[in-house]
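Turn these sequences into a full structure, and let the hints guide you.
Residue numbers (the working numbering), protein chains in the order written: chain A, 161 to 474; chain S, 3 to 238; chain Y, 217 to 480.
Hints in this document: simulated from the structure, not taken from any laboratory.
From a predicted model like this one, the values you see are computed outputs, not experimental measurements.
Built from N, CA and C at the ideal position, the CB exists for glycine as well.
Among the clues, some could well be false.
Claimed, not checked - Pair by pair, the computed Cβ-Cβ distance ranges are:
hint	chain 1	residue 1	chain 2	residue 2	range
1	A	L276	S	V222	22 to 30 Å
2	A	P356	Y	R276	34 to 42 Å
3	Y	F275	S	I226	34 to 42 Å
4	S	N153	A	E306	45 to 53 Å
5	Y	A461	A	W166	17 to 25 Å
6	A	K162	Y	A354	40 to 48 Å
7	S	F174	Y	R474	22 to 30 Å
8	S	L236	A	I189	26 to 34 Å
9	S	L31	A	T295	53 to 61 Å
10	S	P143	Y	I472	36 to 44 Å
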Amino acid sequence: MKFIRWLTKIDRRIIFLLMFGVVLVPILIDIPVETDVSPPVEAAYNAVDTLKPGSVIMLSVDYDATSYPECHPMIEAVSNHAFRNGLKIILVAHIPTGLPLGQAAVEEAALEYNELHKAEYESALSKALSTHPDTTSPGYRLAVEEAALANQKRYGIDYVNLGFRPGMVPIMVGMGREIRDFYAQDYKSTNVDSLPMMEGVHNYDDIALLASFAHGIQVETWIAYAGARYGQQIIAGVTGVVIPDLYPYLQSKQLTGLIGGLKGANEYESLLGRKGLGTKGMPAQSTAHILVIFLIVLGSIFEFILNIFSRRKS
Amino acid sequence: MSFANLLGLWVAATLTIAILSFLYRDNPLYKFAEHVYVGVSAAYVIIYAAKFTMEQQLINVFKNNLISYIQNGSTTGLVEALLLIIPTILGILMLTRWAGPKIGWLSRWPIAFTIGLGAGLGITAGIQGVLLPQVQATVEPLWISPPSGLNLWTAIGSLIMIAGVVSTLIYFYFSRPHKGFIGVVSRVGIIFIMVSFGAAFGATVMARVSLLIGRLYFLVNEWIGGTIDFFKALSP
Amino acid sequence: MKRRVPLLITFIMGVLMVVTFFIPREPFGSFEQRMMVWASILGGFTLLLGLDSLVKHHFRKIVRKRKDAFYSIVTLVALFGTLAAGIVTWAKYGTPLEFASLEQIGSFYWVYWWIMVPLQGTVFALLAFFIASAAYRAFRARTFDATLLLVAAILVMIGKMTMGTVPAAIILAVFLVAAGVYRFFIREPVLGVIFSSIGVALGVLLIVFPAAKIAEIAPQVQEWIMSVPQMAARRGILIGVTLGAVAMSIRIILGIERTYLSST
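Pasting the structure below:
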């Protein structure tokens with residue numbers, strides 16, 4: 161009994177060490193991951209997948225580095241998915257310390273797409289040169305532009321970063337009328353009207369889908385203002401802490417799809433056929449869960465034994 | 003990888019280990035990292051406020067409207083430019099808090115503006131965005147006309163959902179003592195709430211463990227792996 | 217005067233926001249839009265508010281040579297150093313953010329990526345350790361409600377795993393049996409029977425069914441828990457909270473609730 165009592169009061173640094181170990185070991189070894197896709201993630205995927213090429217999708221960066229391992233793989237996956245399907249991305253942020261992460265995700269997705277289609281692009285360029293040897297001719301310029309449109313993702317044409325604006329709720333309401341009232345310039349102070357992609361994009365009517373990547377109440381705010389007031393279709397990519405709060409909205413269809421936590425990121429990546437941090441982190445996630453379950457059960461069993469023993473004594 | 007990025011890797015790894023050292027005990031390295039965090043975060047927010055509000059929402063919009071008035075004689079431009087003076091004044095009044103209570107009471111005006119605006123928007127959003135859709139979605143048909151018909155599992159789920167929503171609401175109704183019928187229903191409500199909190203705890207464990215995975219992944223693959231790659235690339 | 221004017225402003229703004237919701241036509245529509253823009257601009261000024269107290273507090277500590285004044289120097293150096301990096305990057309590239317690839321970054325972005333991100337991430341990563349410690353030392357299934365909570369938590373955690381589902385489910389079965397036995401000892405035989413029999417049944421199912429089937433069912437069980445009972449309770453809480461928020465908003469607009477004015 162003394163031993164059990166001692167075990168219940170064990171130095172917590174031993175528990176820290178155990179947690180460190182069960183997370184570190186799977187990171188060092190490459191363990192294959194088998195994923196089944198849950199209905200909310202599948203719904204989010206389909207919401208993006210069924211959009212027509214050329215549609216505009218708005219990504220809202222409502223997270224920061226405190227939720228990086230969960231939300232960042234999600235925005236990376238959705239950006240890749242959007243570019244793959246020929247969608248155009250508008251990036252906005254309500255959390256200032258998250259904007260560079262969103263920018264990194266979209267820019268890297270563009271770079272990845274361009275790298276993947278480099279051969280086709282170069283082949284199209286050489287075809288343009290062979291068809292129009294005079295590089296100053298309008299025909300050549302048009303052929304080059306068509307080659308770029310088909311094989312490259314370029315800032316201002318395929319994606320824009322409108323930057324951060326403080327306030328959150330006023331912006332969500334105001335974008336229902338005119339985006340330019342808040343975002344007259346992009347993150348580099350370039351006039352938004354000079355960006356080809358923004359032609360004809362004025363409010364939620366011109367945005368096919370809104371994807372909010374959040375670690376707090378931002379998704380609920382989007383639903384209450386943009387969703388309820390203007391009928392904007394919304395999907396969310398959130399940290400584990402926020403997942404339970406959003407299930408009522410999922411059931412009421414105010415939220416079209418939900419990517420939740422590292423597992424959600426893993427599921428979305430599996431649908432895309434990508435292996436990002438969402439997939440690479442799942443073995444460590446699983447071992448850590450086993451440890452926490454084991455600790456809960458062990459702690460409770462020791463409590464039961466001590467209680468029974470003290471009742472017997474008294 | 004450039005030398006600046008290699009230096010960055012090592013700075014990041016040092017700061018990560020400094021924060022993790024708190025697990026052993028509070029120490030000067032942890033305190034150092036914590037204070038760096040405070041300073042950098044504050045500066046970050048200031049730069050963003052300056053760039054995205056002061057420059058883009060105020061100065062540039064004011065400038066463009068004024069230019070439009072001067073070049074085209076557009077009175078709309080002049081009016082828009084002049085109207086921007088009002089939020090600027092409100093913003094400066096907000097900053098009077100810095101001057102102490104003698105002048106700081108002026109900051110109540112912009113606060114009142116923001117609070118009143120938020121409250122007004124919140125009423126309609128709460129009712130239109132949450133209450134009505136959520137209540138509507140709670141009452142789901144048990145039997146849908148053919149060809150769907152009766153799906154037993156979905157029907158049971160719908161009944162459980164109604165029971166859960168109603169019993170939870172009754173549990174939080176404290177204007178009547180929880181005795182008799184209300185006592186039984188609120189007991190059922192507690193069961194649903196416990197399941198909900200348990201699920202929330204499970205999801206929270208997943209979230210927090212993910213953060214640790216992210217950091218350890220960085221230390222192993224990016225820091226150690228990146229440094230090895232850097233020196234491998236240097237060697238002939 | 218000091219309180220009446222702000223209360224009047226709150227009342228007018230609150231009422232106008234409700235009116236413009238129901239009458240979106242001009243001039244209400246563009247008035248509402250203008251108020252949204254002004255609120256956003258005001259939000260930008262609000263971001264600057266914390267700067268004064270932060271600088272003053274640390275400056276006082278340095279001047280008065282308090283213990284830990286060194287850390288105040290660290291804070292102010294980090295603050296002004298990052299400000300300088302931001303201004304330099306802004307001047308060089310036209311924006312504090314400049315990112316063509318991770319190989320071409322401005323100094324402000326460097327500070328963000330290599331200082332801000334690791335610090336923010338690691339501070340919150342500490343919580344994983346504290347959760348493990350709390351799971352062992354604090355979370356005890358003393359009552360029926362606590363047992364239910366922990367079982368739900370364990371089922372959700374099992375559903376979010378991609379491997380090791382069977383060992384985790386075995387641990388859960390052991391827990392249920394132990395909880396049942398405990399309930400017998402504290403003279404709650406009904407609950408004892410319920411928990412023990414569920415635990416034994418789960419154990420038998422784990423032996424009978426292959427691991428692959430268990431791994432397939434666990435996420436579905438988790439999904440059902442999240443989307444039915446958990447969702448129901450959460451919806452009840454959400455409705456209650458929203459009713460409270462709407463009531464609070466009406467109280468603020470009518471001037472009954474004035475706590476937001478009392479801090480100055």
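Here is how each hint holds up against the structure:
Our hint of 22 to 30 Å for L276/A and V222/S holds, since their Cβ atoms are close to 28 Å apart. Roughly 53 Å separates the CB atoms of P356/A and R276/Y, a value that falls outside the hinted 34 to 42 Å. Distance hint check for F275/Y and I226/S: the Cβ-Cβ separation is about 40 Å, which falls inside the suggested range of 34 to 42 Å. Taking 45 to 53 Å as the suggested C-beta distance range, the pair N153/S and E306/A conforms, at roughly 51 Å.
As the Cβ distance of A461/Y to W166/A is approximately 49 Å, the hint placing it in 17 to 25 Å is violated. K162/A and A354/Y have their C-beta atoms about 22 Å apart, which leaves the hinted 40 to 48 Å range violated. Taken as a hint, the range 22 to 30 Å holds for the pair F174/S and R474/Y, whose Cβ atoms sit roughly 26 Å apart. Checked against the hint of 26 to 34 Å, the C-beta distance between L236/S and I189/A comes to roughly 28 Å, which is consistent with it.
Range check, L31/S to T295/A: about 60 Å between beta-carbon atoms, so the 53 to 61 Å window is met. Distance hint for P143/S and I472/Y: a CB-CB separation of about 41 Å, consistent with the stated range 36 to 44 Å.
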